[in-house]
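Colleague: Now for the letters of each chain:
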Amino acid sequence: MADTVTAPITSVEEPLDLVRLCLDEHIYVKLRGDREVRGRLHAFDQHLNLVLGDVEETITTVELDPETKEESVHTTNRKMDMLFVRGDGVILGLIPSILYTAPLPKKLDNHAINLFRPPRERYETPILFDLSKD
Amino acid sequence: MLFYSFFKTLVGQTVTVELKNDLSVVGTLVSVDQFLNIKLDNIKVEHEDQHPHMMSVKNCFIRGSVVRYVHLPPAAIDTALLQDAARRESQQSTATAKA
Amino acid sequence: MSEIQAYVNERVLVVTSDGRVIVGTLKGFDQVTNIVLADCQERIFSPDDGVEMAPLGLYFIRGDNIAVVGLVDQEQDSSLQFGALRAQPLPEILHGA
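Order-wise, the sequence lines are chains A, B and C.
In terms of full-length UniProt numbering, the first sequence is residues 1 to 134.
In terms of full-length UniProt numbering, the second sequence is residues 1 to 99.
In terms of full-length UniProt numbering, the third sequence is residues 1 to 97.
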């Protein structure tokens, strides 16, 4: 049996498990107030308070030209080294595609197994995937 | 409690608290509580010429609920340790939710 | 939540979530930052005129509506030329948009 199968399994059973898999990954987060941030996820909790590193924030504003009545969309960008984001502003986060596209880097093998592993409750014996055959 | 503990490790550091009214306050982190209310010392409001409202305030309490961001000094943060703590806490809270 | 215990009986400046600035003597507070202020005055900032001081008396402010509670440096405060200060009022706290 390959080592990957006996490695400790942390399964994906609820949304926050997926956020946990994003730790140390570069993620995209959409915030209230027409803001978006991209950065490396260093910490999160159940409120979706976050700490992100190497952050780039984009603020989108719509301006109305008083004469032509035309709306124009502007974006402003800011870079920040390390940022705490309060969870009540978080609308959604995008999981990096690397977590569910094959072929997977070695360090993500366990993640891949667990993403496709059915919830524990429905099966008496754990279902194991042996990726070493491919 | 992860972020409460995290902020406690940053006491004494200079941080910038950005509020949901777009006001940014720079100061030394004095204390934090379980609601992530923040107390700062030696504060300066960014762009004070436009925001002179708090000119005579040097020490203040910021309610956690009005915080948008806290800009942190990267040198004060061990990211590997922080990630481990986040992983551990999330697994713990899942376990207690099931119990 | 003993954070503002140190401000009791001191002059404090409160920024409310609708952007108002109220100065008063902190008489009490609780877990959720409900506060009681004595001898309050509201400082109304305007871009065209100096700061207007509106006396308010004894106030209770619900915690949800509080953004910042600051300790006033009385010496510095009394040296400020409020009549000459021009500024837009502070924006309100936007939780939603």
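It is possible that some hints are incorrect.
Stated by the list, open to error - Here are the simulated lysine-lysine pairs, DSSO-like style, with alpha carbons at most 27 angstroms apart:
| # | chain 1 | residue 1 | chain 2 | residue 2 |
| --- | --- | --- | --- | --- |
| 1 | B | Lys-44 | B | Lys-8 |
| 2 | A | Lys-30 | A | Lys-79 |
| 3 | B | Lys-44 | C | Lys-27 |
| 4 | B | Lys-44 | B | Lys-58 |
| 5 | C | Lys-27 | B | Lys-58 |
| 6 | B | Lys-8 | B | Lys-58 |
| 7 | B | Lys-44 | A | Lys-69 |
| 8 | B | Lys-8 | A | Lys-69 |
Said to hold, decoys possible - Pair by pair, the computed Cβ-Cβ distance ranges are:
| # | chain 1 | residue 1 | chain 2 | residue 2 | range |
| --- | --- | --- | --- | --- | --- |
| 9 | A | His-74 | B | Asn-42 | 33 to 39 angstroms |
| 10 | C | Glu-52 | A | Glu-14 | 21 to 27 angstroms |
| 11 | B | Tyr-4 | C | Asn-34 | 31 to 37 angstroms |
Hint data in this document are derived by calculation from the structure and do not stem from the laboratory.
The model shown is predicted, which means the values in this text are computed figures rather than measured ones.
Glycine residues also receive a C-beta, built at the ideal position from the N, C-alpha and C atoms.
Colleague: For each hint, tell me whether it holds in the structure or not.
Modeller: To see whether the hints hold, each was checked on the structure:
A C-alpha spacing of about 21 angstroms is found between Lys-44 of chain B and Lys-8 of chain B, which places the hinted pair at or below 27 angstroms, so the restraint holds. With a CA separation close to 16 angstroms, the supplied pair Lys-30 of chain A and Lys-79 of chain A stays within the 27 angstroms bound. A threshold of 27 angstroms between alpha carbons decides the hint, and for Lys-44 of chain B with Lys-27 of chain C the separation of about 26 angstroms falls inside it, so the pair holds. Distance hint between Lys-44 of chain B and Lys-58 of chain B is fulfilled; the C-alpha atoms sit about 7 angstroms from each other, no more than 27 angstroms.
For the suggested pair Lys-27 of chain C and Lys-58 of chain B, the alpha carbons sit about 20 angstroms apart, so the restraint of at most 27 angstroms is met. Proximity of Lys-8 of chain B to Lys-58 of chain B is assessed by CA-CA distance (about 21 angstroms); at most 27 angstroms being required, the pair is judged to hold. Taking the CA atoms of Lys-44 of chain B and Lys-69 of chain A, the gap is about 39 angstroms. The hint is violated against a cut of 27 angstroms. Restraint check for Lys-8 of chain B and Lys-69 of chain A: the C-alpha separation of about 50 angstroms exceeds 27 angstroms, so the hint is violated.
The hinted window of 33 to 39 angstroms between His-74 of chain A and Asn-42 of chain B holds, with their beta carbons roughly 35 angstroms apart. Against the hinted window of 21 to 27 angstroms, the Cβ-Cβ separation of Glu-52 of chain C and Glu-14 of chain A comes to about 53 angstroms, which falls outside the hint. Judged by the Cβ atoms, the range 31 to 37 angstroms given for Tyr-4 of chain B and Asn-34 of chain C is violated: they are separated by roughly 21 angstroms.
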